[in-house]
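A.B. asks: Just so you know, the protein sequences line up as chains A and B, in that order. If you count by this note's numbering, then the first sequence holds residues 1035 to 1596, one letter each, in order. If you count by this note's numbering, then the second sequence holds residues 2 to 223, one letter each, in order.
Check each hint, because a few of them may be wrong.
Derived lysine to aspartate or glutamate pairs resembling DMTMM-like cross-links, with alpha carbons at most 20 Å apart [unchecked claim]: (1) A:LYS1562 / A:ASP1538; (2) A:LYS1572 / A:ASP1587; (3) A:LYS1405 / A:ASP1133; (4) A:LYS1252 / B:GLU152; (5) A:LYS1546 / A:GLU1574; (6) A:LYS1304 / B:GLU208.
Hints are computed from structural coordinates only; laboratory data are not their basis.
Each chain, letter by letter, is given below.
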Amino acid sequence: MRTEPVGDYAGLGGRAMTTTVVALEVPPSCHPLGAANKLVIAPGLLSGSLAAMSGRLSVGCKSPLTGGIKESNAGGQPAQVLARLGYAAIVLEGKPPDDTLYKIVINKDGVNFIPDNSLKMLGNYDVVARMQQEFGDKIACISIGPAGEMKLGAASIACTDMELRPTRHCGRGGVGAVMGSKGVKVIVLDDSGLDLRRAKDPEKFREANRQFVAGLKKHPITGEALPAYGTNVLANIVNEAGAYPTNNFSTGRFAGVHNISGETAAELEKARGGLATHGCHRGCTIRCSGIYHDKSHNYLTKQPEYETVWAHGANCGIDDMDAVAMLDRLDDDFGLDTIEMGATIGVAMEAGLIRFGDAEGAINLLKEVGKGSYLGRILGSGAAVAGKVFGVERVPVVKNQALPAYDPRAVQGIGVTYATSPMGADHTAGYAVATNLLKVGGDVDPLKPEGQVELSRNLQIATAALDSTGMCLFVAFALLDQPETFQALIDMINAFYGLSMTADDVMALGKKVLKLERDFNRRAGFSKEQDRLPDFFKKEILPPHNVTFTVTDEELDAVFNF
Amino acid sequence: MAFCENSADKVGQPAPCITVASGTLVLLLPAQYFQRLLALLQQGFWLRVPAAGSIETLFCHSWGLSPVYLASRIQTIFLNGQPVDSVAALVGDRDTLALSAAMPGLVGATFRKGGVCAPLRAGITHRNETRSPATGPCWVQVKLFNLLCQELGPHFLARGIWWPQGLVLTFLQGLPAVFWTVGQVFLDGRPLDAPAVARLPWHQGTELVGVTGRLCSEAAVS
Ligand code: SF4
Chain A
1035 MRTEPVGDYA GLGGRAMTTT VVALEVPPSC HPLGAANKLV IAPGLLSGSL AAMSGRLSVG
1095 CKSPLTGGIK ESNAGGQPAQ VLARLGYAAI VLEGKPPDDT LYKIVINKDG VNFIPDNSLK
1155 MLGNYDVVAR MQQEFGDKIA CISIGPAGEM KLGAASIACT DMELRPTRHC GRGGVGAVMG
1215 SKGVKVIVLD DSGLDLRRAK DPEKFREANR QFVAGLKKHP ITGEALPAYG TNVLANIVNE
1275 AGAYPTNNFS TGRFAGVHNI SGETAAELEK ARGGLATHGC HRGCTIRCSG IYHDKSHNYL
1335 TKQPEYETVW AHGANCGIDD MDAVAMLDRL DDDFGLDTIE MGATIGVAME AGLIRFGDAE
1395 GAINLLKEVG KGSYLGRILG SGAAVAGKVF GVERVPVVKN QALPAYDPRA VQGIGVTYAT
1455 SPMGADHTAG YAVATNLLKV GGDVDPLKPE GQVELSRNLQ IATAALDSTG MCLFVAFALL
1515 DQPETFQALI DMINAFYGLS MTADDVMALG KKVLKLERDF NRRAGFSKEQ DRLPDFFKKE
1575 ILPPHNVTFT VTDEELDAVF NF
Chain B
2 MAFCENSADK VGQPAPCITV ASGTLVLLLP AQYFQRLLAL LQQGFWLRVP AAGSIETLFC
62 HSWGLSPVYL ASRIQTIFLN GQPVDSVAAL VGDRDTLALS AAMPGLVGAT FRKGGVCAPL
122 RAGITHRNET RSPATGPCWV QVKLFNLLCQ ELGPHFLARG IWWPQGLVLT FLQGLPAVFW
182 TVGQVFLDGR PLDAPAVARL PWHQGTELVG VTGRLCSEAA VS
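Next up, chain A with everything else stripped away, as it sits in the complex (with noise of 0.2 Å):
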């Protein structure tokens, strides 16, 4: 163990901080599970402060599913006290000698790795009760569940919220499977005796932090959408639209979506005593989350993200809010990531080991995860493997990843992306939709065919950027509609840092990072061939627009001519 100043990796948070250690410190064709992988977890450029929304977490390593470079984020507590705690990222590197299982504490006083071996196969719920009894509840953990131990390929990494639950997941390929590699089971953060980090410039800060949160505020999406029901609230227009994938991607519409959409559930957790509108870490304004109490109104689960209630409901055919709250539940505690359970879970429908629609059935196969059957490890690598492993041919991956929510036959552009982000298939890629606002590239004419590959690269670019200053994603949609509220966020970062950056170079910094990311998966053997969605979405029609995905692996190759 050591601790070193942050060097040349001053001035990076968040994505731009884990990318650029990976890029930088991780040979491209190491075996991702091995003692030359690394896992970096930074807190954002604004963790710690009294600057709303920042407390975002970054984990960056190779993958194991896709084997390329990854990142994932999550919300919660721990980016708030590891900034607090004055460290700009953990590294785990190595491999230890044998199986033995740390925790790793960080305190005011210091850094301790604690053998523990009585956390051996523990749900990440028990693990965190048992920190609470050892630690008391002023601190926030990131952890891992079985499946980060087995290693498996969807395997998560639990961060807790503010109730000291852990239910914010950084999800997306396999970097619980990296921490379980590393023998780490916990990493217990407790900030006590600190105070919040305080800006260069206090009273700008303060006042840039002010508009920030007033421009939050009266944006209809962060104000008022994403309050009142969370990210759900897609689930009708999605399948409005035919674009809400149903019974593994077979069509673009699901009868059953009134049952679980945001509107319903945020109805059953008022109804159950539960929560609607509820922040998962201190300092967000937008409170996109809530908290959902089964039948017998106790508490269950956060309330599940659209991602989440898609991939176990509607792809799977299940329409029983109460199925897939205990499906997330699950996911939680085994530590496993949503979309790519609800995918797997939906390629085993389609190889007939149960059938869509059936809730009982998809609790068991999630079950056998934990339990580590050998099923369960099929299952819990991913739905590319499950594919193989069961003959089937429509399996939704991108370099191994589970596609999210949206088919890309109905909405072509989002498929340019799912198709290119060197992440695999991944919904947050492009999902800063600030493109016009910051004119990465110039203003895209919508008229214009070529402007969806055009406006992928833009929104990779600005999500890449969003990401590097560690703030929740949910802020892009204020961004996008008010400058002054853009204005406000760079005007935040200059008055912490005493710097005097512009948005232009705020872009450059995600056109960075996403370079580097894409260089690293060149390195690590990818090529433009990977860079392509399933077949069957060229060739299967989706109903009801009976459409399938037609952009060319010309247009494709475009995206990354910057």
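Knowing the structure of chain A, use the given hints to seat chain B with the ligand on it.
C.D. replies: This is chain B with the ligand only, laid out in the frame that chain A set:
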């Protein structure tokens, strides 16, 4: 009455057959029971309009909504499952309009009417030029999502809407016993209670029944 001819430009499915049942239901709902109508508003209700026209004409003339509300609050519109960029789009008989306030995510921005991300869904965007204007009175199905359920639901309910009998029956049968002490339901002017609802011969009928509703305080009802 029934209207069953097929309409050529529906997305992937034939136009629904519409049969109207006799009887009109009137609901006097204490505000807290309005939430129970959310599932029905999401699934859609039917409106009879005297003449076909553009989305703008229907909203601002037939349905009495302000152009400002249409322009600023209703950010996403689907016509028969196709995202619409202009409120000049023509609505025909047995078309379905789905309406949403501002939506999050890249997909939310993509479906927004006239938004910068519209090219991402160019393949399914509604194009007016493929249809000819309908004439005469017609039925239009309206689905309300998210904040618009709360904001427009009471408005349309007060004006009178049409729902499949089966959906209305499920709603009435799901009302808790305490509702019947604070809310009221009338069928063709006669008050209904829980036993009367249980005797309704509607089963899971798809015939449309006229429903008018008003939100009120408990005191106003009792
Ligand atoms: S908006 Fe949602 S995801 Fe973002 S910080 Fe708040 S609760 Fe967490």
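A.B. asks: Let me make sure I understand: some of the numbered hints might not hold for this structure. Which ones are they, in numerical order?
C.D. replies: Per hint list: 1, 5 and 6 violated.
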